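**Q** Protein chains in written order, with this note's numbering: chain A, 259 to 622; chain B, 44 to 425.
Hints in this document: simulated from the structure, not taken from any laboratory.
Treat the hints with care, as some may be off.
Per the computed footprint, the stretches of chain A lying under chain B, defined by three or more beta-carbons under 8 Å from a beta-carbon of chain B, are [claimed, not checked]:
(1) 352–366
(2) 551–564
(3) 602–614
Quick partial rundown of chain A residues pointing at chain B, CB under 8 Å, derived from the structure [stated by the list, open to error]:
(4) G321
(5) A446
(6) F468
(7) M478
(8) L488
Predicted model only: the values in this text are computed from it and were never measured.
Even glycine gets a Cβ: it sits at the ideal position worked out from N, Cα and C.
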Amino acid sequence: MSDTQVIPAAMEAVARPARRSEWRSAYLGTPGNALVTLVCGALILLLAKAAFGWLFLNAVFDGGSDACKQSSGACWPFLTDKLRYMLFGFYPFEEQWRPLVALVLFLGACGVSMVPRVWGRGLLIAWAVVILPGLYVLMAGGILGLTAVPTSKWGGLPLSFMLSFVGLAFALPLGIGLALARASHLPAIRVLGIGFIELVRGVPLISILFMAAVMLPLFMPDGVTIDKLLRAQVAIILFAAAYIAEIVRGGLQDVPSGQFEAGRALGLHYWQVMFKIILPQALKKVIPALVSLFIAFFQDTTLVTIIGLLDFLDTVRTALRDPDWQGIAVLEGYVFAAAVYFLFSALMGVYSRFLERHFNTSYR
Amino acid sequence: MLFLNDARFRAVFYQFLAISLVLLAASAMYATASANLAKQDIATGFDFLSRQAGIAISESSIAYGPTDTVARAILVGLINTIKVSLLAALFGTFIGVLVGIGRMSTNPLLSRLMLAYVELLRNVPLLLYLFLWYFLIILVFPPVRQAIQLFPGFFLSNSGLAMPAVEWQSGFGLTFAALAFGVVAALVVRAVSQRRRIQSGKANAGWIFALVLLVLPVLAVWASGAISLSWSAPEAGRFRLTGGLQIRPEFVALLIGLMLNLSASVAEIVRAGIQAVSKGQWEAAQALGLPRSRTLRLVVLPQALRVIIPPLTNTYLTVFKNSSLAIAIGYPDLVMVSNTIMNQTGQAMETIAIFMGIYLGLSVAISLFMNWYNARVALKAR
Numbered sequence: 259m260s261d262t263q264v265i266p267a268a269m270e271a272v273a274r275p276a277r278r279s280e281w282r283s284a285y286l287g288t289p290g291n292a293l294v295t296l297v298c299g300a301l302i303l304l305l306a307k308a309a310f311g312w313l314f315l316n317a318v319f320d321g322g323s324d325a326c327k328q329s330s331g332a333c334w335p336f337l338t339d340k341l342r343y344m345l346f347g348f349y350p351f352e353e354q355w356r357p358l359v360a361l362v363l364f365l366g367a368c369g370v371s372m373v374p375r376v377w378g379r380g381l382l383i384a385w386a387v388v389i390l391p392g393l394y395v396l397m398a399g400g401i402l403g404l405t406a407v408p409t410s411k412w413g414g415l416p417l418s419f420m421l422s423f424v425g426l427a428f429a430l431p432l433g434i435g436l437a438l439a440r441a442s443h444l445p446a447i448r449v450l451g452i453g454f455i456e457l458v459r460g461v462p463l464i465s466i467l468f469m470a471a472v473m474l475p476l477f478m479p480d481g482v483t484i485d486k487l488l489r490a491q492v493a494i495i496l497f498a499a500a501y502i503a504e505i506v507r508g509g510l511q512d513v514p515s516g517q518f519e520a521g522r523a524l525g526l527h528y529w530q531v532m533f534k535i536i537l538p539q540a541l542k543k544v545i546p547a548l549v550s551l552f553i554a555f556f557q558d559t560t561l562v563t564i565i566g567l568l569d570f571l572d573t574v575r576t577a578l579r580d581p582d583w584q585g586i587a588v589l590e591g592y593v594f595a596a597a598v599y600f601l602f603s604a605l606m607g608v609y610s611r612f613l614e615r616h617f618n619t620s621y622r
Numbered sequence: 044m045l046f047l048n049d050a051r052f053r054a055v056f057y058q059f060l061a062i063s064l065v066l067l068a069a070s071a072m073y074a075t076a077s078a079n080l081a082k083q084d085i086a087t088g089f090d091f092l093s094r095q096a097g098i099a100i101s102e103s104s105i106a107y108g109p110t111d112t113v114a115r116a117i118l119v120g121l122i123n124t125i126k127v128s129l130l131a132a133l134f135g136t137f138i139g140v141l142v143g144i145g146r147m148s149t150n151p152l153l154s155r156l157m158l159a160y161v162e163l164l165r166n167v168p169l170l171l172y173l174f175l176w177y178f179l180i181i182l183v184f185p186p187v188r189q190a191i192q193l194f195p196g197f198f199l200s201n202s203g204l205a206m207p208a209v210e211w212q213s214g215f216g217l218t219f220a221a222l223a224f225g226v227v228a229a230l231v232v233r234a235v236s237q238r239r240r241i242q243s244g245k246a247n248a249g250w251i252f253a254l255v256l257l258v259l260p261v262l263a264v265w266a267s268g269a270i271s272l273s274w275s276a277p278e279a280g281r282f283r284l285t286g287g288l289q290i291r292p293e294f295v296a297l298l299i300g301l302m303l304n305l306s307a308s309v310a311e312i313v314r315a316g317i318q319a320v321s322k323g324q325w326e327a328a329q330a331l332g333l334p335r336s337r338t339l340r341l342v343v344l345p346q347a348l349r350v351i352i353p354p355l356t357n358t359y360l361t362v363f364k365n366s367s368l369a370i371a372i373g374y375p376d377l378v379m380v381s382n383t384i385m386n387q388t389g390q391a392m393e394t395i396a397i398f399m400g401i402y403l404g405l406s407v408a409i410s411l412f413m414n415w416y417n418a419r420v421a422l423k424a425r
């Protein structure tokens, strides 16, 4: 990157005419390349035309389900009609400003927290003491004059964000602990760490969700019941922790062992060496990988629909089965859901690449 | 706290503490679970495996009926899981390598198109795609009564593709054994002839021997007349087609979903692998006069393979585990069959333990195989 900055102005003047011929050789160069350009260009045009036709030209913009039945294009009235349900699920209709505010606050807080300059202990405390409890109170209610809304009524996009974000927030310390256990020199601790990590990584997420949904109640003493949402959340935390542990292990291995030895030679205790010397270096290296993992988990939370939780994908699918719209706007619903997932995942992907450049930890 | 100042004692103490905590938690969970099960009057143990399953499975590669045992039903599910994962891994790798190479193309249109392909697949949940593919298959094809007849005996409808099939009356095992023998013999001959070629520097006709050895045992078995086959063609009934080979839409939707999902990951891995090969290799091959395609095939890809294999292992493990999403669209894989059994017998703990154990065992097997392959292609220090 720094190379481009030292090119003298005179050389740029020489380089410019060459660029046009470069352009031509990139697209046309050899006959084979020209064919590739032609085929790809035709494909792109065809796709663009089909998408434009479906989204706008043949689309229905107002009217009800009858108008949509006649048309071959997208059915926009479906989206406007069912948008609130798809976003918030069965959350009481008059109270839906609460999940909306919670969502906006959450995304705003995430946006601010994404700037590396504001990272620090203060931010962590703000999240733990103010933001997360605040969001919970807003969603659950019961105090401050807010009506109580049980978690069984929660659904839609806020639920998807909650499952993935809270899941990862709790899984991170657990995963770091597991990674340290796996790197420990005490054999029993190491075996326990390896056992847990490999067990969880060897089975599909759906089996752990099943375990949480079906088996966990069996392990509870009489009279103790755990909320269904909380059970799924615990399953996601345990699952995420094993994957985080493997990523953190990679970071730990990258820290030269001399760092550990130097710390011990200075008389620091194991935990002091870990928290003040090793982990800060190791975690800094794996932050981009952790963001990539977060993208994967954000998408994996869709699996909770299989055990009957109303996440965003589930509310969209329920909206499709609404008697008014049944079988009319299925494609519209899925495309809308896909667009929402794509938007957030792609944004996080951009952020991950930004972090990679920021820390310059790219391995390429 | 004098003991705790002794590092050796502390090590033993912490390990003892950790193990006893785990054991304590496990025994407490075991006690409450068995008390709860006794109270709900649910049987424990693995006796239910030999009992009659009583469930119908829509797709099965081995003979199966509702009167067969639970164990056999689980086996049917496992075979379905393996079948769809293997096919998805095979096709997905093929597409992924092509897309990954396309991503590296000097043509900006092609490389951007491939980038869009990868991004579209990676940023949308697999489960959503599965629902979408399944819906599209059902939408595009007509109901069974108006099935499209592609060729005589080939019917395409929204309950899948039905086509004529050969059914083995006898001799399947014999043919399989002959084929396996032929493959092993051919591989041995190939290895020997390759070594000779490298030693002598001359081409030899080893591949002809290998080919003959590959085909001969199967032909011999067939000629001996130990095999009898019968022909089964699909017939149009009132509501469905019976007989023949049926490829169901659930299977196709799952296969497409897994395959495309895998291909995006493979494409990224291949791209990273190719980029990891130093530029000097390209330039040296170019200086020797190799065209770009042969440089890629003969110089760059073999070296990139070393970088590619470890992450590829993870991708195959992922596709194997992701095949469990089958339950969402109703393809009878291991998890779906187990789930049905769980609901019928109520023996959740045993059933979950069985299918988790199977996944774990096969995951370990896949890792071991890929590690072995990785050791083979790894750079050998001579």
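**Q** Please flag the earlier hints that this structure goes against, numbers listed from lowest up.
**A** Hints 1, 4, 8 contradicted; others consistent.
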